[in-house]
Amino acid sequence: MSRNLFVAFAAMLTLGLTACGDDDAANMEAKPAELVIVSWGGAYSASQKNAYHDPYMEKYPQVTIVNDDSSNEAVPKLRAMNEAGNVTWDLVDVVAADAIRACDDGLALEVDINDILAEAPDGTKASADFGDLLVSPCFIPQIVYSITFGYRTDLVKEPMTQLCDVFDLAKFPGKRSLEKRPIVNVEWALLCDGVDADDIYDVLSTKEGVDRALKKLDTIKSEIIWWSKGAETPQRLADGEVVVGSTYNGRLFSLIEEKKQPVAMLWDWQVFDLDGWIIPKGISEEKLEAVKHYLYFATDTQRLADQAKYISYGPARNSSAPLVGKHADLGIDMAPHMPTDPNNAKNVLLYNFDFWADKRDEIDEQFQAWLSR
Amino acid sequence: MSFFPPHLSIFERGWYVVFRLICVSVLVFLLVPILVIVPLSFNALPYFTFTPEMLSFDPKGYSLQWYREFFTDPNWQGAVRNSVFIALCSTAIAVGLGTLAALGLSRADMPARSVVMGLLISPMIVPLIISAVGMFFFYSRLGLQGTHLAVILAHAALGTPFVVITVTATLVGFDFTLLRAAASLGATPVRAFFKVTLPIIFPGVMSGALFAFITSFDEVVVVLFVGSFHQRTIPWKMFSGIREHISPTILAVATCLILVSMLLLVSLELLRRRGEKMRGIKH
Amino acid sequence: MPVATPRLLTAEGHELRMVLQKHKARRKRKAFLLVAPLLTFVVVGFCLPILDMLRRSADNSIVEETLPRTISSLKGWDASGDSLPGERAFAALAQDLVLAQQQRRATRLGQRLNYELSGLASLFRRSGRDMEKVVLEVRSRRGSYKESLIAFDARWGELDSWRVLKRFEDEMVADYYFASLDMKRDLQSNEVSFRPSEERIYLRLFGRTVVISLGITLATLLLGFPLALWIARLPTHQGNILLVMVLLPFWTSLLVRTTSWIVLLQQQGVINDLLVAIGIVSEEGRLRMIYNTTGTVVAMTHILLPFMVLPLYSVMKTISPSYMRAAVSLGAHPISAFWKVYFPNTVPGIGAGAIMVFILSIGYYITPELVGGRTGVFISNRIAYHISSSLNWGLAAALGIALLTFVVAIYWLYDKLVGIDNIKLG
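Protein chains in written order, with this note's numbering: chain A, 1 to 373; chain B, 1001 to 1283; chain C, 2001 to 2426.
Do not take every clue at face value.
[Unchecked claim] In silico lysine-lysine, DSBU-like type, Cα no more than 30 Å apart, as pairs:
| hint | chain 1 | residue 1 | chain 2 | residue 2 |
| --- | --- | --- | --- | --- |
| 1 | B | 1195 | C | 2030 |
| 2 | A | 221 | C | 2184 |
| 3 | A | 207 | C | 2024 |
| 4 | C | 2133 | B | 1195 |
| 5 | A | 259 | A | 180 |
| 6 | A | 281 | C | 2133 |
| 7 | A | 281 | A | 229 |
| 8 | A | 180 | C | 2184 |
| 9 | A | 260 | A | 292 |
| 10 | A | 59 | A | 281 |
| 11 | C | 2133 | A | 125 |
| 12 | C | 2133 | A | 215 |
| 13 | A | 49 | A | 31 |
| 14 | B | 1277 | C | 2317 |
| 15 | B | 1277 | A | 259 |
| 16 | A | 180 | A | 125 |
| 17 | B | 1195 | C | 2028 |
| 18 | B | 1195 | A | 260 |
| 19 | C | 2022 | B | 1195 |
| 20 | A | 259 | A | 125 |
[What the hints assert, rightly or not] Under 8 Å between C-beta atoms, here's a sample of chain C residues computed to sit facing chain A:
| hint | residue |
| --- | --- |
| 21 | 2155 |
| 22 | 2201 |
| 23 | 2318 |
| 24 | 2319 |
| 25 | 2320 |
[What the hints assert, rightly or not] Per label pair, the in silico range of CB-to-CB distance:
| hint | chain 1 | residue 1 | chain 2 | residue 2 | range |
| --- | --- | --- | --- | --- | --- |
| 26 | B | 1115 | C | 2190 | 53 to 59 Å |
| 27 | A | 162 | C | 2408 | 40 to 46 Å |
| 28 | B | 1186 | C | 2051 | 46 to 52 Å |
| 29 | A | 259 | C | 2197 | 42 to 48 Å |
| 30 | A | 286 | B | 1046 | 54 to 60 Å |
| 31 | C | 2051 | B | 1247 | 49 to 55 Å |
| 32 | C | 2211 | B | 1273 | 57 to 63 Å |
| 33 | A | 121 | B | 1077 | 41 to 47 Å |
Calculated directly from the structure, the hints in this document are not laboratory data.
All C-beta atoms, glycine included, are put in the ideal place defined by N, C-alpha and C.
Construct all of the structure, not just a fragment, from the sequences and the given hints.
Laid out in structure tokens, this is it:
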């Protein structure tokens, strides 16, 4: 009898806790800890520092956050740590594709989003607030970003308005900067080769389809300078090395608005992608508690909206969108610079994670062979 | 042109001028990339190109901000500390082990000499990417990946061939009877080493040490794999700087590094002269 | 008839031969002991890690460990035939997959098998996730695993999926090596053949690495020879100053030099600006000198030039100028005297420098990565890609073995022709 009572009481307490939402969980004291948080470096890490790390450490001075800018090599390093049984990272920021891969490889912990993250202010469960963006059971989304084009306004005769202008050498002569991988490029090539957006992955699932995309890319191959790091296109645009180039929209925002370069956005058929957290498998219980405590704080509605003050990436929670305000230094409205803004998102390509998880190696070989020809 | 020997024909003089021109242009080819870095590091704008202001020597085109950033940014200063610490430690290991090995290798009785030498030189020959990946897995398994120790040991391994080569070279003319003389006069082998051998091979040891130091100080592939954020060195920062967040700070760092290498080079040259004097080699 | 040799004895009455031998053995031991610490360090800290890495190229234990029952139940099945394996294999697979999922290994295995047949990654991810349900259902209905699995995902009814599994029956699977040489093993017939030439990547990359490296070696020789000659014939003091100028780039950070080549060579860079200002090149016709083979060749020639100049210089320094003078005074034309008398003496230096430059250049990674663009990258860059991007570590290791074998062969040549002892540094 007393035992049953106890269970019932415990259940009530838990219910009560969840019902009370943020306040109780957030007021739960954090234990002293050092968290090693891995991210991308540069402006992106700075935005996380401003929006998450600094306010968190201010509130819980017993916690120190150490930044490691290794997200580029996150999955191979996680795999090596996992093999060695010595995991030294506590929280890792990765793109969705890497999160799926790490999850598949058993390198990341599966998490129950509703269990560890805060609800939206109106009481919507976290899982509903993030919605479709929960692409992997290990993945806690932070931002929606896009891979899109920027072009030099002073080097073209008329503004570039459509994706296919990139493939039009007669109208827009000059070098293009494209990422040195098939993902995204083959989709764009097919779109401009007349394939309907809905059919792209059907076409790409055959070798002939990939060849068709590569054939389209062939038409501009001699004018392409390939990039592998996000900073390369902005640098080439600033130097006038290229007329147009693809990169992450946040990099272009900083080039245009912060560095005032004569560059404009070409949003047509931007490709949405996600970036977020994974918790490495194999960290200690205490570390896991500390990480969860941090995540509860850093992924709530307000904090995600805050990040958009520093960089033009869209917050991953639906409830954060209305809270996006002005840029912290420039004082301009950030909403029109978000990839999710209706004006920018007229044509959007949602790239297919499952397709690429399967076909990545095969298409990459085909792409590399084409590249080296 | 009075410096030509009088018997040279016009053709030969012409050839001599052309030859000199070729040589000077090769020297220019060698030095220009280094010299270009220096003025660009004073660029007032965050780009890698000469701005019109710079070309017209307008003071507004120049600034010290990148140096200020280098000297005040804690990340860069951390990188400097890491680089120096890792380079010093790995140099110490490389010099200690390498000098001992060179002493053994130069003895006539060394067994299986060429095989051993081949193994010892291998870190210099094996493509860096292979070494880096191999050590990445190895130290991961030991749980040392991402520690200073792993980077130091890895760099020490890369630096030892240089010490072995330079010290062996100074030992070529070494008269081993000197050691026997010291022993017959009652010196212990250790004392004989410090009193007799070391002074003679010292220049070789020092130049080997400088090579080992610069190998570690300039190394980026291995540290990218074996190290983690806590071990990031100057080359690591520069590598990510070139591709990640581009700012002329890396040109300022480069200029400082050029200064450092000039200092090292001058000291190496002085050591070489001293070494030749010690061994009685006359020009 | 054995001849009795007089026995030589020491003062203590021991046989001299024995004493000398003992003494020699002791000296050998002593010499070896001096070398031993470094040898241990290099072998343990350097050679073993490399061997360990290379081991991955043949390591396929994940298949056998994750699907032990499946693999053994496929023993009697003929992969070259046209019929699917029997019910037993399907049941074993279902059982293996349930266990594998509990250990979170199913998708990892799928990643591995995806290199052999693309599509298996998602098949294993899906199957791993839902296999427990399938098994429960089959048990409750006492149905057939074969039917249920094929109903669950039609790919289990395809022969190729099973042929891939069958392949891992053997412990040693050489497929990574085949892949590293652009070869493919047919799933049905097991025949190994080269890929069609337009699909080849690695042979082309190896070829390009060697050709560009040869080009760089030649360029360093053409530039280095006159410079070394000049320095060697100058009075020592002036020569040393020039030598310092050669060494300065040698001592300057590789990254610094690579960066400055980007600054110099890019289309809006210093050299193009200069050419446009002089009027040699039009604004539209700016030269493309970087992010292609040219960029790699120029930057690497610059970086490796000292490795050519130094050995050439040290050889030329030992050639007495009196040879030339003698030849000329005997009536030889200076050019012919140079070609017939001086040049042959420099050949050892050329050999040493060329092999050194060549060895260093085929293993380069950083410079091609930064300035090579599409056409100027090397095999090292592809190895790095497979390590850190595609995560195909087995293939990276196999490519590493191929590269290492090549380098060791050249090194062996170097040792034979020049001798390791003759490496000179500054």
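Here is what the structure says about each hint:
Of the pairs offered as hints, the one joining residue 1195 of chain B and residue 2030 of chain C holds, with about 20 Å between alpha carbons and a cut-off of 30 Å not exceeded. Simply put, residue 221 of chain A and residue 2184 of chain C have alpha-carbon atoms about 28 Å apart, close enough for the 30 Å limit, and the pair holds. The straight-line distance between the Cα atoms of residue 207 of chain A and residue 2024 of chain C is roughly 70 Å, outside the 30 Å bound, and the hint therefore fails. A threshold of 30 Å between alpha carbons decides the hint, and for residue 2133 of chain C with residue 1195 of chain B the separation of about 80 Å lies outside it, so the pair is violated.
Taking the CA atoms of residue 259 of chain A and residue 180 of chain A, the gap is near 26 Å; set against the 30 Å cutoff, the hint holds. At roughly 25 Å between alpha-carbon atoms, residue 281 of chain A and residue 2133 of chain C fall within 30 Å of each other, so this suggested pair holds. The suggested pairing of residue 281 of chain A with residue 229 of chain A holds, with an alpha-carbon distance near 27 Å, which does not exceed 30 Å. With a C-alpha separation of about 25 Å, the suggested pairing of residue 180 of chain A with residue 2184 of chain C holds against the 30 Å cut-off.
Note on residue 260 of chain A and residue 292 of chain A: the hinted pairing is violated, with a Cα-Cα distance of about 40 Å set against a maximum of 30 Å. A threshold of 30 Å between alpha carbons decides the hint, and for residue 59 of chain A with residue 281 of chain A the separation of about 27 Å falls inside it, so the pair holds. Between residue 2133 of chain C and residue 125 of chain A the alpha-carbon distance is near 28 Å, which keeps this suggested pair within the 30 Å criterion. For the hint linking residue 2133 of chain C to residue 215 of chain A, the alpha-carbon distance of about 45 Å lies beyond 30 Å, and the restraint is violated.
As the CA atoms of residue 49 of chain A and residue 31 of chain A are separated by approximately 20 Å, the hinted pair is consistent with the 30 Å bound. At most 30 Å may separate the alpha-carbon atoms for a hinted pair to count; residue 1277 of chain B and residue 2317 of chain C meet this at roughly 18 Å. Of the supplied pair hints, the one linking residue 1277 of chain B and residue 259 of chain A is violated, its CA atoms being roughly 58 Å apart against a limit of 30 Å. With a C-alpha separation of about 39 Å, the suggested pairing of residue 180 of chain A with residue 125 of chain A is violated against the 30 Å cut-off.
Taking the CA atoms of residue 1195 of chain B and residue 2028 of chain C, the gap is about 24 Å. The hint holds against a cut of 30 Å. This hinted pair does not check out: residue 1195 of chain B and residue 260 of chain A have alpha carbons roughly 67 Å apart, beyond 30 Å. For the hint linking residue 2022 of chain C to residue 1195 of chain B, the alpha-carbon distance of about 29 Å falls within 30 Å, and the restraint holds. Restraint check: the Cα-Cα separation between residue 259 of chain A and residue 125 of chain A comes to about 40 Å, which exceeds 30 Å; the hinted pair is violated.
Taking 8 Å as the C-beta contact cut-off toward chain A, the hint placing residue 2155 of chain C at the interface is violated, the least distance being around 11 Å. A least Cβ separation of about 5 Å between residue 2201 of chain C and chain A falls short of the 8 Å threshold, and the interface hint therefore holds. Interface hint status for residue 2318 of chain C: violated, as the beta-carbon distance to the closest one in chain A is roughly 45 Å, over 8 Å. Evaluation of the residue 2319 of chain C hint against chain A yields a violated restraint, the C-beta minimum of about 44 Å exceeding 8 Å.
Of the supplied interface hints, the one on residue 2320 of chain C is violated, with its beta-carbon coming no nearer than about 50 Å to a beta-carbon of chain A, more than 8 Å. Restraint check, residue 1115 of chain B to residue 2190 of chain C: a C-beta distance of roughly 40 Å breaks the suggested window 53 to 59 Å. The given range of 40 to 46 Å is broken by residue 162 of chain A and residue 2408 of chain C, whose C-beta atoms sit roughly 54 Å from each other. A beta carbon spacing of about 47 Å between residue 1186 of chain B and residue 2051 of chain C agrees with the range 46 to 52 Å that was offered as a hint.
Between residue 259 of chain A and residue 2197 of chain C the C-beta distance comes to about 46 Å, which sits within the given range of 42 to 48 Å. Separated by about 43 Å at the C-beta atoms, residue 286 of chain A and residue 1046 of chain B break the suggested range of 54 to 60 Å. At roughly 42 Å, the beta-carbon separation of residue 2051 of chain C and residue 1247 of chain B lies outside the given 49 to 55 Å, and the hint is violated. Distance hint check: the CB atoms of residue 2211 of chain C and residue 1273 of chain B are about 42 Å apart, inconsistent with the given range 57 to 63 Å.
Taking 41 to 47 Å as the suggested C-beta distance range, the pair residue 121 of chain A and residue 1077 of chain B conforms, at roughly 42 Å.
In summary, the structure is inconsistent with hints 3, 4, 9, 12, 15, 16, 18, 20, 21, 23, 24, 25, 26, 27, 30, 31 and 32 from the numbered list given earlier, while agreeing with the others.
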